[in-house]
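Q: Turn these sequences into a full structure, and let the hints guide you.
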Amino acid sequence: MDILNALVAFANFVFVPGLAYGAQIALGALGATLIYGILRFSNFAHGDTMALGTTFAILVTWGFQALGITFGFLPTALLALPFAIIMTAAFVLGTDRVVYRFYRRQKAAPTILVIVSLGVMFIMNGLNRFIIGVGEINFADGARFVITAGDFRAMTGLTEGLAIKATQAITVVTAVIVVGLLFWFLQKTRTGKSMRAFSDNEDLALLSGINPDRVVQVTWIIAAGLATIAGVLYGLDKSFKAFTYFQLLLPIFAAAVVGGLGNPLGAIAGGFIVAFSEVMVTYAWKKVLTYLVPESMAPDGLVQLMSTDYKFAVSFTILIIVLLFLPTGIFKGKSA
Amino acid sequence: MIVVEDLHKHFGGFHAVDGASLEIGAGSITGLIGPNGAGKTTLFNVIAGRLKPTSGRVLMAGEDITGLAPHDLFHKGLLRTFQIAHEFGSMTVRENLMMVPSAQSGETLWNAWFRRGAVAAEERAIRDKADEVLEFLTISHLADERAANISGGQKKLLELGRTMMVDAKIVFLDEVGAGVNRTLLNTIGDAIRRLNTERGYTFCVIEHDMDFIGSLCNPVICMAEGRVLAQGTVDEVKNDERVIEAYLGTGLKNKVVAHG
Ligand SMILES: Nc1ncnc2c1ncn2[C@@H]1O[C@H](COP(=O)(O)OP(=O)(O)OP(=O)(O)O)[C@@H](O)[C@H]1O
Ligand SMILES: [Mg+2]
Numbered sequence: 001m002d003i004l005n006a007l008v009a010f011a012n013f014v015f016v017p018g019l020a021y022g023a024q025i026a027l028g029a030l031g032a033t034l035i036y037g038i039l040r041f042s043n044f045a046h047g048d049t050m051a052l053g054t055t056f057a058i059l060v061t062w063g064f065q066a067l068g069i070t071f072g073f074l075p076t077a078l079l080a081l082p083f084a085i086i087m088t089a090a091f092v093l094g095t096d097r098v099v100y101r102f103y104r105r106q107k108a109a110p111t112i113l114v115i116v117s118l119g120v121m122f123i124m125n126g127l128n129r130f131i132i133g134v135g136e137i138n139f140a141d142g143a144r145f146v147i148t149a150g151d152f153r154a155m156t157g158l159t160e161g162l163a164i165k166a167t168q169a170i171t172v173v174t175a176v177i178v179v180g181l182l183f184w185f186l187q188k189t190r191t192g193k194s195m196r197a198f199s200d201n202e203d204l205a206l207l208s209g210i211n212p213d214r215v216v217q218v219t220w221i222i223a224a225g226l227a228t229i230a231g232v233l234y235g236l237d238k239s240f241k242a243f244t245y246f247q248l249l250l251p252i253f254a255a256a257v258v259g260g261l262g263n264p265l266g267a268i269a270g271g272f273i274v275a276f277s278e279v280m281v282t283y284a285w286k287k288v289l290t291y292l293v294p295e296s297m298a299p300d301g302l303v304q305l306m307s308t309d310y311k312f313a314v315s316f317t318i319l320i321i322v323l324l325f326l327p328t329g330i331f332k333g334k335s336a
Numbered sequence: 001m002i003v004v005e006d007l008h009k010h011f012g013g014f015h016a017v018d019g020a021s022l023e024i025g026a027g028s029i030t031g032l033i034g035p036n037g038a039g040k041t042t043l044f045n046v047i048a049g050r051l052k053p054t055s056g057r058v059l060m061a062g063e064d065i066t067g068l069a070p071h072d073l074f075h076k077g078l079l080r081t082f083q084i085a086h087e088f089g090s091m092t093v094r095e096n097l098m099m100v101p102s103a104q105s106g107e108t109l110w111n112a113w114f115r116r117g118a119v120a121a122e123e124r125a126i127r128d129k130a131d132e133v134l135e136f137l138t139i140s141h142l143a144d145e146r147a148a149n150i151s152g153g154q155k156k157l158l159e160l161g162r163t164m165m166v167d168a169k170i171v172f173l174d175e176v177g178a179g180v181n182r183t184l185l186n187t188i189g190d191a192i193r194r195l196n197t198e199r200g201y202t203f204c205v206i207e208h209d210m211d212f213i214g215s216l217c218n219p220v221i222c223m224a225e226g227r228v229l230a231q232g233t234v235d236e237v238k239n240d241e242r243v244i245e246a247y248l249g250t251g252l253k254n255k256v257v258a259h260g
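In the order they appear, the protein sequences are chains A and B.
Going left to right, the first sequence walks through residues 1 to 336 as our numbering numbers them.
Going left to right, the second sequence walks through residues 1 to 260 as our numbering numbers them.
Hints were generated in silico from the structure; no laboratory data involved.
All figures in this text were calculated on a predicted structure; none of them were measured in a lab.
Hints are not guaranteed to be accurate.
[Stated by the list, open to error] Each computed DSS-like pair below joins lysine-lysine, with the alpha-carbon atoms no more than 27 angstroms apart:
| id | chain 1 | residue 1 | chain 2 | residue 2 |
| --- | --- | --- | --- | --- |
| 1 | A | Lys332 | A | Lys107 |
| 2 | A | Lys107 | A | Lys165 |
| 3 | B | Lys155 | A | Lys188 |
| 4 | B | Lys76 | B | Lys52 |
| 5 | B | Lys129 | A | Lys188 |
| 6 | B | Lys52 | B | Lys169 |
| 7 | B | Lys129 | B | Lys169 |
| 8 | A | Lys107 | B | Lys52 |
| 9 | B | Lys76 | B | Lys169 |
| 10 | A | Lys238 | A | Lys332 |
| 11 | A | Lys332 | B | Lys155 |
| 12 | B | Lys129 | B | Lys76 |
| 13 | A | Lys107 | B | Lys76 |
| 14 | B | Lys169 | B | Lys155 |
| 15 | A | Lys332 | A | Lys241 |
[As the list claims (entries may be wrong)] Calculated Cβ distances over 12 angstroms to all of chain B for the following chain A residues:
| id | residue |
| --- | --- |
| 16 | Val60 |
| 17 | Met155 |
| 18 | Ala197 |
| 19 | Glu202 |
| 20 | Gly262 |
| 21 | Gln304 |
Glycine is no exception: its CB is placed at the ideal position from the N, C-alpha and C atoms.
A: See the structure below:
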């Protein structure tokens, strides 16, 4: 029995990665859920909005690096983030103007808008690959670790090490700040309240003098911002590949649905539920268990419920379970 | 104040409003009556910009407002309530009222950050106003209740309260009294009268309760099958043969005859 080492192994392989991944999914789900709440459709292009935002951030990062500008021990990409957000927001507003507005005016059904967003997704995906290519890009610079496994072992004298990557710490800190700002905005500012009102009851919002075009624009800008931030954090933490973001669509929507579509708080909770489920189901528990059980009972196999190749099956399963038993999600959204 | 000219609203082949022409005089409390399905609510929906008319025009103080968006009409001082009460379910009753006055300085992010004091003072004023309205409607105790949880009648009061949050020019009330008890109905009637005389609101009121209409409205317009059937004082309309046939029924006709 070695509870301390077991705990450290758990923190190192499950908790810390799950927390960072959860924050990335939560930010992505927040954007998707806001769009659902206000524009009333599931935006399939959200994953590729994240990808495009990251592409912009990478381009600006390269620009900064070429000019010799860096951000100290923090990744240069954080410095590029505001510019990338502005570019993404402009792109998304343009898309709304050219594509979605047409269907909004026609009062198109949500299912039609979903298919429209699918088309937008393919175009953004193609455009993105055209701009940045399909290869893997690693754009994280600055410090690599907040604490390395070796340092941790030396400090504590434990067998197990706890490594916290700089990108993981940055992810969590950034997510906390962004979520704080978003909720302040939604709860306290007039525009934020208008958005909530619009999401609650569009008809009434219109008759209360709330300008729908403005609400829609602000929603796109915020969604673009959230998508870019989520994308850049994910890209810093893992690495950037144009295709992976498209695959993130599943965990993101699973998170939004688990929390209740249209509900921002739910999106955050959902993000962590999905992320931790995924990490825990695909983690090989052998190491942690070996510390916990008597030697004679130590497991032979990996004690891994599912290979990491199947990690998206986890989101899919969660999605189906929630839709079957709790269609409006845990925080009572607008029904999936 | 409002002139409706030969308005049509068709749903597929069905003519919900079928050539309605009417005028709502400035400063009046005009009653709008008619059988279920006469097209009263549809007429409101078209005037208030929720539905686009198939044809016809709506003028407000001489200006063509046909097909303007609801939020633009709101800023022109045209407000309406819904027959089936609407509310911002996730907000409290007080917040529901506080949503109404738009174009506040808290609207821009700049002000929300950098002019906190001014924004806060303004919020306080709006909050006081909301509390005043709640007091007036005798639902102060519900101020902090989630609007989704209050009763149907209370939602109707909230609908009326919303129109009291700003300086409206004309207010369209769609059966604001339905499902509200007698005493409160009288209070609402008094409120409408006071808003009319003290603040100069013009009202157009849909009601099925003839006593309520009788005590409040002049003139009264009766619609049936999407058209205006009769217009005049309550008594004139009540005694109109066509109105009796289409709406009030022979039961009342006998009563009217017996009485008079
Ligand atoms: N969106 C719609 N689509 C199709 N038909 C509609 C629609 N809205 C209203 N109608 C039809 O138009 C007719 C008029 O409806 P409206 O709601 O205007 O009646 P009303 O005079 O307000 O009746 P009530 O006194 O019952 O409220 C009804 O027959 C109704 O079924
Ligand atoms: Mg009606």
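Q: Against this structure, judge whether each hint is valid.
A: A quick look at each hint next to the structure:
As the CA atoms of Lys332 (chain A) and Lys107 (chain A) are separated by approximately 25 angstroms, the hinted pair is consistent with the 27 angstroms bound. With a CA separation close to 47 angstroms, the supplied pair Lys107 (chain A) and Lys165 (chain A) exceeds the 27 angstroms bound. At roughly 24 angstroms between alpha-carbon atoms, Lys155 (chain B) and Lys188 (chain A) fall within 27 angstroms of each other, so this suggested pair holds. A C-alpha spacing of about 18 angstroms is found between Lys76 (chain B) and Lys52 (chain B), which places the hinted pair at or below 27 angstroms, so the restraint holds.
Our distance criterion of 27 angstroms between C-alpha atoms is met by Lys129 (chain B) and Lys188 (chain A), whose separation comes to about 19 angstroms. Distance hint between Lys52 (chain B) and Lys169 (chain B) is fulfilled; the C-alpha atoms sit about 22 angstroms from each other, no more than 27 angstroms. Proximity of Lys129 (chain B) to Lys169 (chain B) is assessed by CA-CA distance (about 18 angstroms); at most 27 angstroms being required, the pair is judged to hold. In summary, the hint linking Lys107 (chain A) to Lys52 (chain B) is supported, as the alpha carbons are separated by about 12 angstroms, within the 27 angstroms threshold.
Between Lys76 (chain B) and Lys169 (chain B), the direct Cα distance comes to roughly 8 angstroms. Compliance with the 27 angstroms bound is thereby established for this hinted pair. The straight-line distance between the Cα atoms of Lys238 (chain A) and Lys332 (chain A) is roughly 33 angstroms, outside the 27 angstroms bound, and the hint therefore fails. Taking the CA atoms of Lys332 (chain A) and Lys155 (chain B), the gap is about 22 angstroms. The hint holds against a cut of 27 angstroms. A C-alpha spacing of about 21 angstroms is found between Lys129 (chain B) and Lys76 (chain B), which places the hinted pair at or below 27 angstroms, so the restraint holds.
With a C-alpha separation of about 25 angstroms, the suggested pairing of Lys107 (chain A) with Lys76 (chain B) holds against the 27 angstroms cut-off. For the suggested pair Lys169 (chain B) and Lys155 (chain B), the alpha carbons sit about 23 angstroms apart, so the restraint of at most 27 angstroms is met. Of the pairs offered as hints, the one joining Lys332 (chain A) and Lys241 (chain A) is violated, with about 35 angstroms between alpha carbons and a cut-off of 27 angstroms exceeded. With a cut of 12 angstroms on Cβ distances, Val60 (chain A) stays outside the contact zone with chain B, its closest approach being about 23 angstroms.
Non-interface status of Met155 (chain A) relative to chain B is upheld: no Cβ of that chain comes within 12 angstroms, the nearest being about 42 angstroms off. For Ala197 (chain A), the shortest C-beta to C-beta distance to chain B comes to about 5 angstroms, within the 12 angstroms cut-off, and the non-interface label is violated. Not every C-beta of chain B lies more than 12 angstroms from that of Glu202 (chain A), the closest at about 10 angstroms, which undercuts listing it as non-interface. Non-interface call for Gly262 (chain A) relative to chain B: violated, since the shortest CB-CB distance, roughly 10 angstroms, does not exceed 12 angstroms.
For Gln304 (chain A), the non-interface assignment is confirmed: its Cβ lies about 42 angstroms from the closest Cβ of chain B, beyond the 12 angstroms cut-off.
In this structure, the earlier hints numbered 2, 10, 15, 18, 19 and 20 are contradicted, and the remaining ones agree with it.
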